[in-house]
Amino acid sequence: MVERRPALNFLAYAILSLGVVLVALPVYVTFVASTQTFEQIVAVPMSLVPGTELIANYATALTSGSEQASSAPVARMMLVSLIVALTVAIGKIAISLLSAFAIVYFRFPGRMFIFWMIFITLMLPVEVRILPTYEVMSNLHLLNTYAGLTIPLIASATATFLFRQFFMTIPDELAEAARMDGAGPMRFFRDVVVPLSRTNLAALFVILFIYGWNQYLWPLLITTDQSMYTVVIGIRGMIAGGDAATRWNIVMATAMLAMLPPALVVILMQRWFVKGLVETEK
Amino acid sequence: MAAVSIRDVYKSFGAVNVIQGISIDIADGEFVVMVGPSGCGKSTLLRMVAGLETISSGEIAIGERVVNNLEPKDRDIAMVFQNYALYPHMSVRDNMAYGLKIQGREKADIDARVQRAAEILELSKLLARRPRELSGGQRQRVAMGRAIVREPKVFLFDEPLSNLDAKLRVQMRSELQALHQRLRTTTIYVTHDQVEAMTLAHRMLVMNAGKTEQIGAPLEVYSRPATTFVAGFIGSPPMNLIPGRINGGGKALASDGGVSVRLPEARPGLDGRQVLLGVRPEHFEACAAGDALLNPDIDFIELLGSDSLVYGHVGADKTGTRVAARLHTSVVAKEGRLPLRFAAQHMHLFDPESGKRIAA
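Quick note, the sequences are listed as chains W and Y, same order. With the working numbering, the residue at position 200 of the first sequence is 200, and numbering never jumps. Residues are numbered in the working numbering as their position in the second sequence, beginning at 1, plus a constant of 1000.
The set of hints was computed from the structure by calculation and includes no laboratory data. Where hints are given, some of them may not hold.
Partial pick of chain Y residues on the chain W-facing surface, computed with a CB cut under 8 angstroms [to be verified]:
1. Ala1015
2. Lys1073
3. Ala1078
4. Ser1091
5. Tyr1098
Taking beta-carbon pairs under 8 angstroms as the criterion, some of the chain W residues facing chain Y (in silico) [said to hold, decoys possible]:
6. Glu173
7. Ala177
8. Arg187
9. Val192
10. Pro195
11. Leu196
FRET-style restraints, in silico, Cβ to Cβ [what the hints assert, rightly or not]:
12. Y:Gly1104 / W:Val20: 50 to 58 angstroms
13. W:Met117 / Y:Asp1351: 57 to 65 angstroms
14. W:Met117 / Y:Pro1352: 55 to 63 angstroms
Every residue gets a Cβ at the ideal spot worked out from N, C-alpha and C, and that includes glycine.
With the hints as extra help, turn the sequences into a complete structure.
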C-alpha cells in the first residue's frame, strides 16, 4: 500500500479474499462431493457440508475405480501418471540442460543452425504433429508403453531455450577460471553450471511435472489398454455415457486425488522458488 | 617459479591485428606490469600467456617449455580476473580448494594450503562464507588466494583492482606488493592505471595499439620516455609537448604560431630540425623574467593545496601551444605572464613524424 489507511487495507483484503473464495470454491465443492454418498450427491440442492463417506469413497476409488465404467483402479492410474510426469520432467530437463550447454559453451560448425532448428520446433507443439508422431510410435510398436507415452513429449525447445538464455548470463570468466583450475567441460558442467542453475531447475521441474501430469490428448491416443491409462484419462473414462449412472462421488474423489501430486510438487518446491528469488548470486 | 619469455607474438581476430609483434623476457621472480590505454591489447596478451587465447604467431615460453599448445591447466600458472570470477555457489574455502581438488591432491594437503593462504590474506575467519557475503576487497583477496594455493610458476593479474573504490585500491596495491615480496613468484600484471604500474612494477611494458612503446623500469620510463605516446601516458598531468623548429644554432625553439622557447642546453646538431619539445609540468620552475626559457600567458589555475596547476599557452592564443606547469602555490601569480625555466636533464626532444625520442 502506498498509503496506510484502514479503509484501503480493508478493501485490499476484501478483494484478495474474494479472489481466494472464487478459486477455492470449486475445489471445495469437489471435496465435499467426494465425501458424500451417491444419493446425497444427486439430491438437489447438494449439501455443502462434508459427508461421512470420505474414507470409503477414496478407498473405493483407489482400489477398484468406478465399477460400471471401463476403468482401472485409481491407484494404478496415479502410478502411471506419476511415472509419465516424472519421466517427462526429468527427461526434458536432462536433454535441454545438455543441449543448451553444448550450444552455449562449445564452438562447432553449424552451432547456430542447430540452435535455430531446435528453436523452430517451438512452433510445432505436440497437437500439430500428433498424427505423424502417432504413426511413428505405432510403427515402432510403442503404443501402450511408457516409452510411447513419454518420448514424444520429452523433446523440448522451450526448456533448451530457457537454459541457453540462463547460461549466457553466467560470466565467461567463470568458465575461464574453471579452465585455469583444470576443470574439463563436463566437470565445469557438473560443478559450476548445474549448481548455478538449480533454482531454474526447480522452477522448470515444477512446470514440466504439471505439464506431464496434465497431458490429455497424447495419452488418449497412445493408450488403449486400461492399465496404461493416466489419471486424467481415467477421470474422463469414469464419466459414463448412455444409461449407466455416473458415480459422481467416486469421480470427485478421483479428481481430488489427481490434484494432489501437482499441488504437492508446487508446495514442496516453493521453498526453492523463494530461495531462488531472494538469492541473486551469479 | 620460472622465467617467461614472449617472442615476437602476434594475434589477429580475423583481419584485425590486435597484437603486432611483442617480445619481452621476464626474469624469474620479476614483477612486470603491462600498461596501456583500453583496447591496446594488453589483456589479450595476458590471456595468451594464460592459454585462454590462441597465439597467431610467435612463441610464449614459461620456464624452458614453449606453451603455445598447452591447455591453461598444464601451464602451471594462476590468474586473477578483473571481476574475480569466484564460484558464487561455493564457500571461500571451496573456491580456493577447487583447483587443488581437480588436481587430485590429498585432503590434508589441500587443507594445509588453503589454511596457509587464508592466513597470508587474513581470510581465516571468512572461509565458510559465500562470495556474495564478502566485500569487494575480500573477494579480491579470495581471488588472490585461489591463485596462491596452487603455488604456480607465474601469477597473472588482469586489472585486479579496477573494481575497487579508490581507497581500497591503494590498500590492495600495497598488499599486492607485500605479497610479491613474500612469495617472489614471477608476476605479470595488466592495468590501464599508470599509478598502479609505477608503484608495483619492477619493469613495465607500455603498449599502444598492439605494439610495444617502451619496456623499462618505472623511473626510466618516467624520466626517459621512448616515444611521445609514453610521454603523454605516464605522468599526470601528461608531459607538455611543444612543437617547433630548432634555430639559433640549436639554442631555441620557435614555431609559426609564435612559440618561442629557449633551450636550457644547446643542441647544435639539431639546428633547423622540426621537433617536439617535451617538459613535464612538475619540472617547470618559476623564475625571474631574465632567466625565463619560456613565458606562457596564464589561462587558468587549479589549486591542489601546496601545489597549483597552472594552465597557460605559449605563442598566439589560437595557434600557440597549451602548457601546464605544477608550481608551488606561493609563487603562482593570478594572471599575466609566467616566466618559467627547466633543467637540461628534464628536456625531452621527440621526432614529430615517428614520435620517437631524439637521443641527446
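Consistency of the hints with the structure:
1. Ala1015: violated, 19 angstroms
2. Lys1073: holds, 3 angstroms
3. Ala1078: holds, 7 angstroms
4. Ser1091: violated, 12 angstroms
5. Tyr1098: Tyr1098 of chain Y check passes; min Cβ-Cβ to chain W is 5 angstroms, inside 8 angstroms.
6. Glu173: holds, 4 angstroms
7. Ala177: holds, 4 angstroms
8. Arg187: OK, holds: Arg187 of chain W within 8 angstroms of chain Y, min 7 angstroms.
9. Val192: Holds, about 6 angstroms.
10. Pro195: holds, 4 angstroms
11. Leu196: holds, 6 angstroms
12. Y:Gly1104 / W:Val20: 50 to 58 angstroms: holds, 57 angstroms
13. W:Met117 / Y:Asp1351: 57 to 65 angstroms: holds, 59 angstroms
14. W:Met117 / Y:Pro1352: 55 to 63 angstroms: This hint holds: roughly 59 angstroms between Cβ atoms.
Going down the numbered hints, you'll see the structure goes against 1, 4, while the others check out.
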